[in-house]
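Visitor: What follows is the residue order along each chain.
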Amino acid sequence: MPKVSVLSYFSNKIQTGRFTFKTAGNPTFYGFPTEVLMKLQLKWLLLELSQKRSFPSSFMNRLGKYLIFLGSLFKNREKMNVYLNRVLDECILIGVDSVFIVSIVSSFIGAVTCIQTAYNLISPLIPNSTIALIVRDMTVLELAPTITCIVLSGKVGSSIAGGLGTMRITEQIDALEVMGINAASYLVLPKIIAAVIVFPMLVILSGFLSIYGGYLAGTLTGAVTPTEYVYGLRDSFQPFNVPFALIKSVVFAFLISSISSFQGFYTKGGALEVGQSSTNAVTNSCISVLLADYMLAQLLL
Amino acid sequence: MIEIRNISKSFNDKQVLNGISGKFKNSDTSLIIGGSGTGKSVLLKCIVGLVKPDEGQVLYDGRDFWSGDTETKRAVRREIGMLFQGSALFDSKNVEENVMFPLHMLTNMPKSEKRDRVAFCLQRVGLENASKRMPSEISGGMQKRVGIARAIVMNPKYLFCDEPNSGLDPLTAIKIDDLIAEITDEFEITTIVVTHDMNSVMGIGEYIMFLYQGRKLWEGDSNSITETNIPELKEFLFANKLLKEIKEKEEEGS
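So the sequence lines, in the order shown, correspond to chains V and P.
Residues 45 to 345 (the working numbering) are what the first sequence spells out, left to right.
Residues 347 to 600 (the working numbering) are what the second sequence spells out, left to right.
Listing some non-contacts, in silico: residues in chain P with all C-beta distances to chain V over 12 Å: (1) M347; (2) G365; (3) N372; (4) W412; (5) A465; (6) E483; (7) D515; (8) L525; (9) S570; (10) E578.
One side of the interface only, derived from the structure: several residues of chain V facing chain P at Cβ under 8 Å: (11) E122; (12) E215; (13) D218; (14) M223; (15) I225.
Computed beta-carbon distance windows for the label pairs: (16) P/N358 x V/Q282: 55 to 65 Å; (17) V/G115 x P/S485: 37 to 47 Å; (18) V/T269 x P/M480: 52 to 62 Å; (19) P/S367 x V/R121: 34 to 44 Å; (20) V/Y310 x P/K369: 26 to 36 Å; (21) P/M347 x V/P100: 49 to 59 Å; (22) V/G314 x P/S367: 28 to 38 Å.
Since the hints were derived computationally from the structure, they do not count as laboratory data.
Note that CB positions come from ideal geometry on N, CA and C, so glycine has one too.
Only chain V is shown next, with the shape it has when bound in the complex (with noise of 0.2 Å):
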């Protein structure tokens, strides 16, 4: 708790034209009577609160250049068959790279649904079939899309905001705008294009791979037989889950490859920076998907 007096604080505070204790704690002030100390204490509080109002300032600081950057991806695009290349290649970098994360995380959190489940279900008055119904609307529902999205932003959002990053610091997007190439369009619109298009094959995949992992738990540990696996995979199916599930994913992907592409793309400074860059991509992305998650619910169920 730093000691100080009212004078120097408060010419401190009108040279920089900022509260200068913020990370030091509430200071303690002498050289007044207590009324008055009691009065600057209070003042020091609305001092600190009114700081924190910078906050939503510099969050929509953050909000325009995002829209900015999504705007400027589609002013002087380039010729078509370069994005059509650049695209197939993003789809093997985002897409065909990621199976196998996405495989194994499907697969045992179909299987772990199924194994808890059938924990929890004890009553005799309840089928076992139940189970079935429940890992596929829990699958379909949220987990194919949201979870699997959650790590894809975790492998894909630190990899597109790492390689941007990296980028920019050592001038390849500099080299790019000398040349007249609109470096924004020319490195994230593939990006992008192709996480919209893989992520919704992903979250098929996932969807499959949980279902499948939860029957094989499920059989394999006599917890429910394999008929009444699928009588309960088929019981009071809503078919507008699966294109639920699919708007999901695209909405996720937009999302995920967008906000990683912005941090990476105006990285500042140097290897650290691409550091901080990949951790803000993820945590941006991952908060950015639930909030998305939460608002298509209510929207759309």
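Use these hints to put chain P onto chain V, whose structure you have.
Guide: Just chain P, lined up with the frame of chain V:
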């Protein structure tokens, strides 16, 4: 010819460039020199269009870059070749693909013609045998030469080099300087080199602009630079210990 008029630039409260003007003639190798943090690279970025100046004009053969429309800017940029400090080669492409990249993106040349042009440029910088190697597999000096090949592949009218000698041994640095000067004469281009290397100043500087704390303190050529009476420029020129000793001995002798 490239003309800059009254270029000023600030970052937050810090004034980096303060009213800089100058003319860089065709077929001349012009140098912008000065100590670290004097605004050389920022000035170069203002000229090539990477950083917008707060005030002033950049004229490419009379075309005002910053007040021009998008098409004018694009047209000017396609006449520019630039060698970056760290070469800025694309990591995912090999040497040949790096040099071919501007042709691929900006022209409709047939593939065979592109290959011929790339082969010519690589041969010009002495790298005809390294075309299939990746940037990570070649030395810093070779990376600079690939950067030069990529910069000249589009037959530019203007060539910019940001500290082409940084990180190179003195012999390789001289080779790179000579290559830049030869290319400038051979293709009759306007070349601007940002450097603080004294070998470059004395070797290839046909027009030299000295920056100090964001201001232009001196301009002239390599013959007149040693006769300067400006203390800041003298200090910069004779910062090298060997040169300093030679100068002191000369003064003692006279």
